[in-house]
Amino acid sequence: MTIEILDPSHEASRQDFSVAPRLKTLSGKTIGVISNGKKGTKPFFDAFEQELRTAYQVARVVRVTKANYSAPAEASIMQDAPEWDALIAGIGD
Amino acid sequence: MELASRRYSVDDVWAAQEFFHSRNWTDGLPVVPPTASAVQACLDWVLMSPDHLIGIEPVRQRAIYAEKLAINAVMAGCLPMHFPVLVTAVTAMLEEPFLLHGATSSTGGCAVLTIVNGPIRDELSMNATFNALAASDRASSTIGRAIRLVLMNLLDVRPGDVDRSTLGLVAEIKANMRHYSIWAGNYAIIIPVQLRAHFDAAGWTKQDIRQYVFDNARIQRSDWATCGKASVVGDRGDREYGALPDPDHLLVIAAGGPAGGFGAVIAPWLGTKSHAVTMAIGACVDCESQIENTV
Numbered sequence: 001m002t003i004e005i006l007d008p009s010h011e012a013s014r015q016d017f018s019v020a021p022r023l024k025t026l027s028g029k030t031i032g033v034i035s036n037g038k039k040g041t042k043p044f045f046d047a048f049e050q051e052l053r054t055a056y057q058v059a060r061v062v063r064v065t066k067a068n069y070s071a072p073a074e075a076s077i078m079q080d081a082p083e084w085d086a087l088i089a090g091i092g093d
Numbered sequence: 001m002e003l004a005s006r007r008y009s010v011d012d013v014w015a016a017q018e019f020f021h022s023r024n025w026t027d028g029l030p031v032v033p034p035t036a037s038a039v040q041a042c043l044d045w046v047l048m049s050p051d052h053l054i055g056i057e058p059v060r061q062r063a064i065y066a067e068k069l070a071i072n073a074v075m076a077g078c079l080p081m082h083f084p085v086l087v088t089a090v091t092a093m094l095e096e097p098f099l100l101h102g103a104t105s106s107t108g109g110c111a112v113l114t115i116v117n118g119p120i121r122d123e124l125s126m127n128a129t130f131n132a133l134a135a136s137d138r139a140s141s142t143i144g145r146a147i148r149l150v151l152m153n154l155l156d157v158r159p160g161d162v163d164r165s166t167l168g169l170v171a172e173i174k175a176n177m178r179h180y181s182i183w184a185g186n187y188a189i190i191i192p193v194q195l196r197a198h199f200d201a202a203g204w205t206k207q208d209i210r211q212y213v214f215d216n217a218r219i220q221r222s223d224w225a226t227c228g229k230a231s232v233v234g235d236r237g238d239r240e241y242g243a244l245p246d247p248d249h250l251l252v253i254a255a256g257g258p259a260g261g262f263g264a265v266i267a268p269w270l271g272t273k274s275h276a277v278t279m280a281i282g283a284c285v286d287c288e289s290q291i292e293n294t295v
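Just so you know, the protein sequences line up as chains A and B, in that order.
First residue of the first sequence: 1, per our numbering; consecutive thereafter.
First residue of the second sequence: 1, per our numbering; consecutive thereafter.
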């Protein structure tokens with residue numbers, strides 16, 4: 001006998017996200033790096049920052065750290081983000 | 001009000017199983033086909049319309065509605081009488097202090113511990129004696145499973161998707177939480193009859209137990225070196241850390257079989273950054289007595 005069943009998943013359409021325009025070059029740009037605050041991020045982002053500066057001539061690297069690595073970045077961080085040319089959210093464990 | 005979820009026709013109950021498995025809508029076990037009448041029966045039991053907003057997951061801003069909870073409840077095997085507990089548990093989990101997104105996505109891997117208290121325990125025949133923490137009765141098993149299905153189907157908590165747990169644990173199918181953090185937080189201590197007899201004889205109240213644990217459950221930072229955390233000890237080895245920020249952070253639970261002096265301590269997932277949330281089940285505006293059931 002045919003039975004009719006209901007969809008158990010979240011059906012609402014996803015919010016529209018648009019990808020930020022790709023930078024033509026990193027040279028002279030300001031790059032924000034949001035660390036989740038775990039210990040492993042420190043040496044990794046130190047090396048990453050060095051790479052951005054030397055290999056890609058990034059002018060400025062803004063390093064910020066979230067207060068809680070399992071929660072979203074605080075409003076104060078996100079308020080500053082529009083001033084950066086690009087943003088990298090990084091995790092480390 | 002009409003149910004809004006998309007409907008599918010399948011040949012029979014067996015076809016329904018394959019249909020759900022093929023869409024990753026189950027936990028691997030068979031499910032009860034969520035028909036409109038079964039889902040409506042759950043909603044009727046709690047007097048909720050299908051579009052009743054249960055809550056919004058704070059990190060991803062995803063709204064959770066009663067209809068979807070009811071569908072997953074039916075799939076898990078819940079009866080309508082079990083549904084109020086699921087509604088309350090999910091409502092509590094969506095509170096910001098619980099930090100649901102973190103708890104379900106952490107590499108540390110944890111599961112949600114759900115404690116039900118009050119007369120509804122007996123009304124639903126929820127086992128609190130022999131084998132209290134295991135799957136041993138219909139209500140506990142199906143409600144616990146429904147929570148897991150809700151996480152999977154409504155919040156994408158599937159391994160490799162939102163769920164990034166390195167190892168996970170068997171308890172995720174039902175309800176439990178495992179040690180992850182070395183920081184203070186909401187611990188739970190479960191005390192069975194045989195041990196409660198000693199506390200009763202000594203005239204200790206729950207508050208006495210909380211105070212004692214608060215005073216005595218302490219370690220030095222240097223102790224972390226003995227459990228593989230030597231790298232974080234640093235030069236602060238003589239600093240003392242308590243398990244509880246204050247005595248009230250200890251959840252004292254009476255449960256377990258009548259024989260055996262075995263207690264259990266259930267550690268928090270992320271110290272004080274993730275909190276236990278207590279909420280009343282089905283608050284009744286006409287009831288004479290105060291609310292007695294909580295989850």
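Don't read these hints as lab results, they were simulated from the structure.
Treat the hints with care, since some could be wrong.
[To be verified] Output of the computed footprint for chain A on chain B, the stretches with three or more beta carbons under 8 Å from beta carbons of chain A:
1. 11-21
2. 31-42
3. 92-104
4. 149-155
[To be verified] Here are the in silico distance ranges between beta carbons for each label pair:
5. A:Thr-2 / B:Asp-248: 54 to 60 Å
6. A:Ser-18 / B:Ser-22: 52 to 58 Å
7. A:Arg-22 / B:Gly-168: 35 to 41 Å
8. A:Ala-55 / B:Leu-169: 41 to 47 Å
9. A:Arg-53 / B:Thr-107: 26 to 32 Å
10. B:Asp-200 / A:Ile-88: 57 to 63 Å
11. A:Thr-2 / B:Gly-263: 49 to 55 Å
12. B:Gln-207 / A:Arg-53: 47 to 53 Å
13. B:Glu-2 / A:Arg-60: 19 to 25 Å
14. B:Ser-49 / A:Glu-4: 19 to 25 Å
15. A:Arg-60 / B:Phe-262: 54 to 60 Å
16. A:Pro-43 / B:Thr-107: 17 to 23 Å
[Unchecked claim] So these bits of chain B aren't anywhere near chain A, every CB distance computed over 10 Å:
17. Leu-3
18. Val-46
19. Ala-63
20. Asp-122
21. Met-126
22. Ile-189
23. Ala-197
24. His-198
25. Asp-200
26. Ala-201
27. Tyr-212
28. Ile-219
29. Gly-228
30. Val-232
31. Met-279
Just so it is clear, CB atoms sit at the ideal spot from N, CA and C, and this is done for glycine as well.
Structure-based check of each hint:
1. Counting residues of the region 11-21 of chain B whose beta-carbon sits less than 8 Å from any beta-carbon of chain A gives 6, enough to reach three: the coverage restraint holds.
2. Counting residues of the region 31-42 of chain B whose C-beta lies closer than 8 Å to any C-beta of chain A gives 5; at least three are required, and the coverage claim holds.
3. Only residues whose beta carbon comes within less than 8 Å of a beta carbon in chain A count, and the region 92-104 of chain B has 4; three or more means the coverage holds.
4. Coverage of the region 149-155 of chain B by chain A holds. Counting CB-CB distances below 8 Å, 4 residues qualify, and the rule asks for three or more.
5. Here the CB-CB span from Thr-2 (chain A) to Asp-248 (chain B) is close to 55 Å, well matched to the stated 54 to 60 Å.
6. With their beta carbons about 32 Å apart, Ser-18 (chain A) and Ser-22 (chain B) fall outside the hinted range of 52 to 58 Å.
7. At roughly 37 Å, the beta carbons of Arg-22 (chain A) and Gly-168 (chain B) sit within the given window of 35 to 41 Å.
8. Taking the beta carbon of each, Ala-55 (chain A) and Leu-169 (chain B) are about 42 Å apart, inside 41 to 47 Å as hinted.
9. Look at Arg-53 (chain A) against Thr-107 (chain B): about 30 Å separates their beta carbons, and that is inside 26 to 32 Å.
10. Range check, Asp-200 (chain B) to Ile-88 (chain A): Cβ separation about 58 Å, and the 57 to 63 Å hint holds.
11. Against the hinted window of 49 to 55 Å, the Cβ-Cβ separation of Thr-2 (chain A) and Gly-263 (chain B) comes to about 52 Å, which satisfies the hint.
12. At about 58 Å, the beta-carbon gap between Gln-207 (chain B) and Arg-53 (chain A) misses the expected band of 47 to 53 Å.
13. Evaluation of the 19 to 25 Å hint for Glu-2 (chain B) and Arg-60 (chain A) yields a failure: the beta carbon distance comes to about 56 Å.
14. About 21 Å separates the C-beta atoms of Ser-49 (chain B) and Glu-4 (chain A), a value consistent with the hinted range of 19 to 25 Å.
15. A beta carbon spacing of about 59 Å between Arg-60 (chain A) and Phe-262 (chain B) agrees with the range 54 to 60 Å that was offered as a hint.
16. At about 19 Å, the beta-carbon gap between Pro-43 (chain A) and Thr-107 (chain B) stays in the expected band of 17 to 23 Å.
17. Against the 10 Å criterion, Leu-3 (chain B) falls within the reach of chain A, whose nearest CB is about 6 Å from its own CB.
18. The claim that Val-46 (chain B) is not at the interface with chain A holds, since no C-beta of that chain comes within 10 Å of its own (minimum 17 Å).
19. The Cβ of Ala-63 (chain B) sits about 7 Å from the closest Cβ of chain A, inside the 10 Å cut-off, so the non-interface label is violated.
20. At the 10 Å boundary, the C-beta of Asp-122 (chain B) stays outside the reach of chain A, the nearest C-beta of that chain being 30 Å off.
21. No beta-carbon of chain A is positioned within 10 Å of the beta-carbon of Met-126 (chain B); the least distance is around 24 Å.
22. Distance to chain A confirms Ile-189 (chain B) as a non-interface residue, since its nearest Cβ pair spans about 25 Å, more than 10 Å.
23. The beta carbon of Ala-197 (chain B) is kept farther than 10 Å from every beta carbon of chain A, the shortest such distance being approximately 40 Å.
24. No beta-carbon of chain A is positioned within 10 Å of the beta-carbon of His-198 (chain B); the least distance is around 38 Å.
25. Distance check for Asp-200 (chain B) against chain A: the nearest CB is about 40 Å away, which clears 10 Å, and the non-interface claim stands.
26. With 10 Å as the threshold on Cβ separation, the claim that Ala-201 (chain B) sits away from chain A holds: the shortest Cβ distance comes to roughly 43 Å.
27. For Tyr-212 (chain B), the shortest C-beta to C-beta distance to chain A comes to about 30 Å, beyond the 10 Å cut-off, and the non-interface label holds.
28. Separation of Ile-219 (chain B) from chain A is adequate, the least Cβ-Cβ distance of about 19 Å exceeding the 10 Å criterion.
29. Interface exclusion of Gly-228 (chain B) from chain A stands, the closest Cβ pair being 14 Å apart, more than 10 Å.
30. Once the 10 Å rule is applied to beta carbons, Val-232 (chain B) is inconsistent with being away from chain A; the minimum gap is 7 Å.
31. No beta-carbon of chain A comes within 10 Å of the beta-carbon of Met-279 (chain B); the shortest separation is about 21 Å.
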